[in-house]
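Use these hints to put chain B onto chain A, whose structure you have.
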Amino acid sequence: MRKLLIGLAILFTLLAIALSVLPFDTLAFLPIGLAIAFGLLLMQKSNENQKKLPKILLTITAICSAFVLGKTLLVKDEVVVDQTFEQQKIETKQEAKKELEELEQLENDLE
Amino acid sequence: MKKIFFTICSLLLLCSFSTENSVNIKAGEKLVYAGSYNMSGLMTQLAQVTMTTENVATAKNNYLHLSCELSTYSKWDSFFKIRDIYESYVHPTTLKPSLYKRSIDEGGYTKKEKYVFKDNKVTSTVKKRKYPESTKTFSIKPTSIDAVSILYQLRLVDFSKMQTGQTKSYTIVFDEKEIPVTLKYMGKETVKAGNLGSKECYKISIGAKTDALKGKDKNLIWLTADAKKVPALIKFSIPVGTGQLALTSASGL
Numbered sequence: 001m002r003k004l005l006i007g008l009a010i011l012f013t014l015l016a017i018a019l020s021v022l023p024f025d026t027l028a029f030l031p032i033g034l035a036i037a038f039g040l041l042l043m044q045k046s047n048e049n050q051k052k053l054p055k056i057l058l059t060i061t062a063i064c065s066a067f068v069l070g071k072t073l074l075v076k077d078e079v080v081v082d083q084t085f086e087q088q089k090i091e092t093k094q095e096a097k098k099e100l101e102e103l104e105q106l107e108n109d110l111e
Numbered sequence: 112m113k114k115i116f117f118t119i120c121s122l123l124l125l126c127s128f129s130t131e132n133s134v135n136i137k138a139g140e141k142l143v144y145a146g147s148y149n150m151s152g153l154m155t156q157l158a159q160v161t162m163t164t165e166n167v168a169t170a171k172n173n174y175l176h177l178s179c180e181l182s183t184y185s186k187w188d189s190f191f192k193i194r195d196i197y198e199s200y201v202h203p204t205t206l207k208p209s210l211y212k213r214s215i216d217e218g219g220y221t222k223k224e225k226y227v228f229k230d231n232k233v234t235s236t237v238k239k240r241k242y243p244e245s246t247k248t249f250s251i252k253p254t255s256i257d258a259v260s261i262l263y264q265l266r267l268v269d270f271s272k273m274q275t276g277q278t279k280s281y282t283i284v285f286d287e288k289e290i291p292v293t294l295k296y297m298g299k300e301t302v303k304a305g306n307l308g309s310k311e312c313y314k315i316s317i318g319a320k321t322d323a324l325k326g327k328d329k330n331l332i333w334l335t336a337d338a339k340k341v342p343a344l345i346k347f348s349i350p351v352g353t354g355q356l357a358l359t360s361a362s363g364l
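Just so you know, the sequences run in chain order A and B.
Residues 1 to 111 in my numbering are what the first sequence spells out, letter by letter.
Residues 112 to 364 in my numbering are what the second sequence spells out, letter by letter.
Only chain A is shown next, with the shape it has when bound in the complex (with noise of 0.2 Å):
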């Protein structure tokens, strides 16, 4: 049972980890809950010599907690200026002027 619970433990610490540093916001806390949860059952099967284990997840797991709540109220979510998508965005605009000409020329021609 303390083996499963140390298994459980760990992998859901381990994606608490990952989910914390890639940017997924609160998706975070799915892991972070379900590994601080694994961490007590852990501890309340470990003797007093056993603890160091489910110790470090559990702080581990609470440091994913802080770092994930400061990520969500802190910083903001935004768009940077991207300089070669404006430019592009400038490019498809003049491309287009000119296509529009032709299409008028065209139109002109016919008639």
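Be a bit skeptical, because a hint or two may be false.
Simulated restraints on C-beta separations [as the list claims (entries may be wrong)]: (1) A/M1 with B/N149: 33 to 39 Å; (2) B/K141 with A/M1: 56 to 62 Å; (3) A/G70 with B/E287: 23 to 29 Å; (4) B/N231 with A/Q94: 27 to 33 Å; (5) A/G7 with B/L364: 53 to 59 Å; (6) B/V302 with A/L11: 38 to 44 Å; (7) A/K45 with B/V302: 47 to 53 Å; (8) A/Q87 with B/R240: 16 to 22 Å; (9) B/K239 with A/T59: 48 to 54 Å; (10) B/K239 with A/T72: 33 to 39 Å; (11) B/Q274 with A/T72: 39 to 45 Å; (12) B/R240 with A/N47: 55 to 61 Å.
In case anyone wonders, no lab produced these hints; they're calculated from the structure.
Being a predicted model, the structure only gives us computed values, none of them experimental.
Built from N, CA and C at the ideal position, the CB exists for glycine as well.
Here is chain B on its own, set in the frame of chain A:
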């Protein structure tokens, strides 16, 4: 992303039960949306969608340039960067399209499309990454329009005359083919509309004969129940999940 865009377009547009040209779409409008995707029951913000209008003049004519841009938030750019532009050049009052262009860059996959509308025919030019450019001409219905201009045509519709449950069929041109779409008016609801505050909106359900949309009455759009009929909220359900576009800011209305 193509499916998401198609869904959004379908939701927005096909609300054209009838067209009343009493309201004009003005140049200088800017609508900004926060695009979210449902991941394990939690909405995660992925991208910003910006819809703008501006006048474009050639030597002979004036056009209204309708543009719809999609850019991932900076936090996603390192993982999966998206920079899409969908644009249409339309007649300023009838909104009939003359030229439709689409340029997508989704995580390195690129594709460019150009549709030239002339009478009841469309000449399409498509260039996908690693593939040679291809050109095709195909016939369309006189009422068929492109995926961007229809987004604006719906704002000319008088929904106040619609009855709950009333449906209407439409056709749009997307991916070099015509796609029939059915929409259903579902009454009014109040939703948040960004800087416009909470607004009473027309609720419309969209269905299309395509694999891009999933579920019954799960693809929805809320349009403000005023003269501007601004799309305030869009919810979509596609084979790979669900998501929404929420209006964050509207200016130049």
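Here is how each hint holds up against the structure:
1. A/M1 with B/N149: 33 to 39 Å: 35 Å, holds
2. B/K141 with A/M1: 56 to 62 Å: Holds - the Cβ-Cβ distance for B/K141 and A/M1, about 59 Å, lies within 56 to 62 Å.
3. A/G70 with B/E287: 23 to 29 Å: 47 Å, violated
4. B/N231 with A/Q94: 27 to 33 Å: At roughly 29 Å between Cβ atoms, A/Q94 and B/N231 fall inside 27 to 33 Å, so the hint holds.
5. A/G7 with B/L364: 53 to 59 Å: 57 Å, holds
6. B/V302 with A/L11: 38 to 44 Å: This hint holds: roughly 40 Å between Cβ atoms.
7. A/K45 with B/V302: 47 to 53 Å: 48 Å, holds
8. A/Q87 with B/R240: 16 to 22 Å: Check passed, 19 Å falls within 16 to 22 Å.
9. B/K239 with A/T59: 48 to 54 Å: This hint holds: roughly 50 Å between Cβ atoms.
10. B/K239 with A/T72: 33 to 39 Å: 38 Å, holds
11. B/Q274 with A/T72: 39 to 45 Å: Roughly 43 Å apart at Cβ, these two residues keep to the hinted range, so it holds.
12. B/R240 with A/N47: 55 to 61 Å: Given range 55 to 61 Å: holds, Cβ gap about 60 Å.
Comparing the model with each earlier hint shows a violation of hint 3 alone; every other hint is respected.
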